[in-house]
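A.B. asks: Protein sequence lines correspond, in order, to chains G and U.
Residue 136 in our numbering sits at position 136 of the first sequence; the count goes up by one each step and never skips.
Here our numbering runs 304 ahead of the position in the second sequence, where the first position is 1.
Certain hints may be false.
Listed below are the simulated BS3-like cross-link pairs for lysine-lysine, each with C-alpha atoms no more than 30 Å apart in a straight line [unchecked claim]:
#1 U:K364 - G:K225
#2 G:K229 - G:K138
#3 U:K327 - G:K192
#4 U:K319 - G:K114
#5 U:K319 - G:K225
#6 G:K109 - G:K192
#7 U:K319 - G:K229
Hints were generated in silico from the structure; no laboratory data involved.
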Amino acid sequence: MKKRKQKTKRTRADLIYDIVLFVVLTSIFIIVAYPLYFIVISSISDPKAVAGGQVVFWPVGLSIKGYTEVFKNSKVITGFLNSVFYTFCGVLINLVVTLPTAYALSRDKFSGKKFVTFFYMLTMFVSGGMIPTYLVVKNLHLLDSMWSLILPGALGVYNMIVARTFFKANISQELYEAAEIDGCGQTQFFFKIALPLSSAIIAIMVLYYGVGHWNSYFSALLYIKTDVKFPLQLVLRSILVQNESQLAQTVATAAQQAALEEKRQLTELMKYSLIIVSSIPVLILYPLVQKHFVKGVMIGSVKG
Amino acid sequence: MIKQESKNRKNLIQKKNFLHTLKRDYPLWLFVLPGIIITFIFSYVPLYGVQIAFRNYNPKLGFWDSNWVGLKHFMRFFNSPYFASTIKNTLILSVYSLIAGFPIPIIFALLVNSFRHKKYKKIIQTVAYAPNFISTVVMCGMLLLFLSPSVGIINNIIELFGGKAVNFMGVKNYWRHIYVWSGIWQGMGWSSVIYFAALSSVSPELHEAAVMDGASKFQIVRYIDFPSIIPTATILLILNCGSILSVGFEKVFLLQNDLNLSVSQVISTYVYQVGLIENSVSYSTAIGLFNSAVNALLLIAVNKISDKLSGISLW
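Produce the complete structure using the sequences and hints provided.
C.D. replies: See the structure below:
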């Protein structure tokens with residue numbers, strides 16, 4: 001009797017908890033998802049409807065004007081292609097530098113383990129800062145070259161630790177010893193056995209580094225001077241962020257001119273489409289690697 | 305005598321061992337070599353270059369031969385009107401971000417973790433991670449679009465309900481809230497991943513035992529899940545406190561305009577402005593160095609306090 005009473009009591013409290021939880025989580029879901037959804041539906045709506053605030057739940061007056069406007073913009077195209085190129089080369093160099101380092105540091109018997117680990121850890125806590133780094137890049141004559149975007153960040157310490165922990169957990173010393181008996185050296189072992197067994201960590205590295213390169217604008221702001229070399233993010237900045245203030249000024253003086261108004265609406269609409277276009281590569285990569293996130297962070301946070 | 309001999313022998317053995325391991329490990333040394341060279345050039349040489357904070361940097365003379373001026377640039381910063389305002393803005397922005405932004409991913413992780421519907425749970429997680437992959441430029445572009453006084457959706461909604469459009473980016477009182485809460489929107493999901501990882505290591509037996517003892521769901525979250533992520537949370541809190549004087553440059557810089565400069569000029573944007581726009585290289589480096597030094601002190605202090613209070617520390 002008593003036991004039963006307890007049980008019903010528990011389920012009622014749990015039911016309330018479940019309902020509250022559902023409401024809270026759904027609210028969070030809407031808050032996070034709605035702005036993203038809004039960008040998508042705006043980008044395929046009619047410019048007038050977007051400007052007039054009619055687009056709220058679904059696209060109004062379907063049009064691809066925003067997208068045609070984006071693809072008419074030669075700066076966007078150049079920026080996009082530049083970014084694709086920088087990201088591809090950048091990730092390639094990242095992998096070539098990071099994976100062997102991570103593998104070497106994952107070997108317990110490696111004589112340089114302590115020294116090299118300390119060498120990298122120190123850079124996480126102290127750095128020269130913006131100006132001394134800029135001066136080094138300048139003195140190496142890397143200003144305005146794609147290498148200034150690739151070389152300084154060729155090895156991300158955090159990413160290296162994540163990869164090292166993965167190798168440690170998945171490529172055991174016994175495996176190496178077995179291969180060694182068959183006459184396999186470290187180099188051969190790394191390329192023929194360790195790497196093929198590590199596709200999960202390679203995927204995570206490609207995502208982390210790739211998104212980093214694709215989204216980065218700060219180093220380009222500092223180091224790239226020529227328009228035609230601008231990565232997409234710098235082009236985006238000039239359209240999405242800087243354009244804003246200029247528009248606000250012209251509105252006051254010429255608000256009544258209908259033609260200008262229409263052009264303004266189209267420019268505004270183009271921003272939504274531009275956001276979508278600029279996110280395409282990440283949107284493609286994201287679902288492929290998403291399932292590895294928790295695992296990636298987990299192995300990264302277990303320090304050894 | 306004997307001691308000396310054994311010492312010699314020990315040295316000899318060590319030397320032999322060293323050469324032996326070097327010979328054995330040389331492929332691994334080759335593996336780490338490219339990373340070492342690059343990190344040396346781009347992290348350690350700038351570290352050496354920090355000394356220009358104490359010199360009048362002259363590009364022809366380089367890091368080492370420029371004139372030594374001691375603390376001149378530091379004194380100039382301490383005495384400038386920007387000292388108080390940039391530090392105040394940086395502190396407010398980062399403490400506000402920390403207080404508002406730190407607990408939210410923890411709460412989010414606890415809630416989602418105790419949610420039963422696996423499919424919906426997965427969808428929420430996937431969506432919550434997504435904003436993290438939006439670039440800072442796009443994020444700021446979105447904010448400007450949504451908050452635009454003429455075509456922004458937020459003002460459209462305000463006008464729909466009979467209100468008057470607000471130029472959000474032009475009113476400096478709104479700026480900090482916009483900065484902090486948009487940051488939380490973007491970072492909440494991703495920051496929670498590490499807590500999901502910590503929660504996934506909680507033994508299910510513990511949950512079962514608690515259910516047997518008649519614990520409600522809320523009690524399970526309160527007494528089992530929550531304590532299990534406290535160590536992770538503490539470490540992250542220490543690390544965050546250690547960077548309290550370094551508000552990220554990118555977003556602040558992009559959201560800055562003439563109207564909000566009085567609340568949005570932080571140390572890092574000031575370093576950029578002084579060093580690369582106004583070209584006072586040494587002065588700018590001094591400000592940056594001061595910033596890192598304070599951060600290091602904060603990190604050490606907070607770590608010590610945490611060590612005393614809870615026994616959890618970074619080192």
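A.B. asks: Do the alpha carbons of K229 of chain G and K138 of chain G lie within 30 Å of each other, as the hint requires?
C.D. replies: Given that 30 Å is the threshold and the Cα spacing comes to 17 Å, the pair holds.
A.B. asks: Keeping to a limit of 30 Å between CA atoms, is the pair of K319 of chain U and K229 of chain G held or broken?
C.D. replies: violated (52 Å)
A.B. asks: Next pair to validate is K109 of chain G with K192 of chain G; report whether the Cα-Cα distance is within 30 Å.
C.D. replies: holds (20 Å)
A.B. asks: Starting from K319 of chain U, check that the Cα of K114 of chain G is at most 30 Å away, please.
C.D. replies: holds (18 Å)
A.B. asks: Please work out if K319 of chain U and K225 of chain G have their alpha carbons no farther apart than 30 Å.
C.D. replies: Violated. K319 of chain U to K225 of chain G sits at ~52 Å, over the 30 Å cutoff.
A.B. asks: CA of K327 of chain U to CA of K192 of chain G, is that 30 Å or under?
C.D. replies: Holds, at about 22 Å.
A.B. asks: Hinted pair, alpha-carbon criterion (30 Å max): K364 of chain U, K225 of chain G. Please report holds or violated.
C.D. replies: holds (22 Å)
Hint check: violations occur at hints 5, 7; the rest are consistent with the structure.
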